[in-house]
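Add 11 to a position in the sequence shown, counting from 1, and you land on the number used in this note's numbering.
Hints in this document: simulated from the structure, not taken from any laboratory.
It is possible that part of the hints are untrue.
In the DSBU-like style, the derived pairs of lysine-lysine whose C-alpha atoms are separated by at most 30 angstroms in a straight line are [as the list claims (entries may be wrong)]:
id: 1; residue 1: K109; residue 2: K86
id: 2; residue 1: K45; residue 2: K123
id: 3; residue 1: K101; residue 2: K60
id: 4; residue 1: K129; residue 2: K109
id: 5; residue 1: K45; residue 2: K114
id: 6; residue 1: K69; residue 2: K123
id: 7; residue 1: K123; residue 2: K66
Restraint-style ranges between C-beta atoms, simulated for each label pair [claimed, not checked]:
id: 8; residue 1: T53; residue 2: K105; range: 25 to 35 angstroms
id: 9; residue 1: Q33; residue 2: N132; range: 16 to 26 angstroms
id: 10; residue 1: L127; residue 2: I102; range: 16 to 26 angstroms
id: 11; residue 1: V20; residue 2: N132; range: 33 to 43 angstroms
id: 12; residue 1: I124; residue 2: F92; range: 31 to 41 angstroms
id: 13; residue 1: N132; residue 2: D64; range: 41 to 51 angstroms
id: 14; residue 1: R41; residue 2: E116; range: 20 to 30 angstroms
For each residue, glycine too, the CB sits at the ideal point set by N, CA and C.
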Amino acid sequence: MADRIGKPVSQRQLRVGEMIRQSLGMIFARNEAKVPNLETNTITVTEVKMSQDLKIAKAYVLPLGGKDTELVIKKLKEYSFLIRKALSKKIIMKYLPKILFAKDESFEYAEKIENLIKQTNK
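Working from the sequences, and respecting the hints, build out all of it.
If you want it as structure tokens, here you go:
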């Protein structure tokens, strides 16, 4: 597995990304971030990718049922400081990464591939 530049992803990046993914999942499930006008317990964190220097975490999220995804991500981006504050109480790192939120499109991609396979098998 390699990132955009082509350098392989280190074990440390994978380990820290998974730790942050689990922590964000707990924060969202328990609604600990207190994001205004957003029920975070319906949000699933599917993956967190870390930058090489571990200063940026890109969290791929998907709201339950996939509805209002753009609105949810906009809210998460707007109030990422609240989420980061809640995260700082869960994990201890020398430098807590900046969290970027993005829509997880892996399920849509998998569904598209599955439909293409079904069409070719007819």
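Tested hints:
As the CA atoms of K109 and K86 are separated by approximately 16 angstroms, the hinted pair is consistent with the 30 angstroms bound. Among the hinted pairs, K45 with K123 is inconsistent with the structure: their alpha-carbon atoms are about 35 angstroms apart, more than 30 angstroms. For the proposed pair K101 and K60, the alpha carbon gap of about 18 angstroms is at most 30 angstroms, so the pair holds. Between K129 and K109 the CA atoms are separated by roughly 41 angstroms; this puts the pair beyond 30 angstroms, and the hint is violated.
In summary, the hint linking K45 to K114 is supported, as the alpha carbons are separated by about 21 angstroms, within the 30 angstroms threshold. For the hint pairing K69 with K123, the CA-to-CA distance comes to about 24 angstroms; that is within 30 angstroms, so the pair holds. Between K123 and K66 the alpha-carbon distance is near 33 angstroms, which puts this suggested pair outside the 30 angstroms criterion. Hint check: T53 to K105, Cβ distance near 33 angstroms, so the stated range 25 to 35 angstroms holds.
In this structure, Q33 and N132 break the distance hint of 16 to 26 angstroms, their C-beta atoms being roughly 38 angstroms apart. L127 and I102 have their C-beta atoms about 40 angstroms apart, which leaves the hinted 16 to 26 angstroms range violated. Separated by about 34 angstroms at the C-beta atoms, V20 and N132 satisfy the suggested range of 33 to 43 angstroms. Against the hinted window of 31 to 41 angstroms, the Cβ-Cβ separation of I124 and F92 comes to about 37 angstroms, which satisfies the hint.
Between N132 and D64 the CB atoms are about 46 angstroms apart, so this pair conforms to the stated range of 41 to 51 angstroms. Look at R41 against E116: about 26 angstroms separates their beta carbons, and that is inside 20 to 30 angstroms.
Checked against the numbered hints given earlier, the structure breaks hints 2, 4, 7, 9 and 10 and satisfies all the rest.
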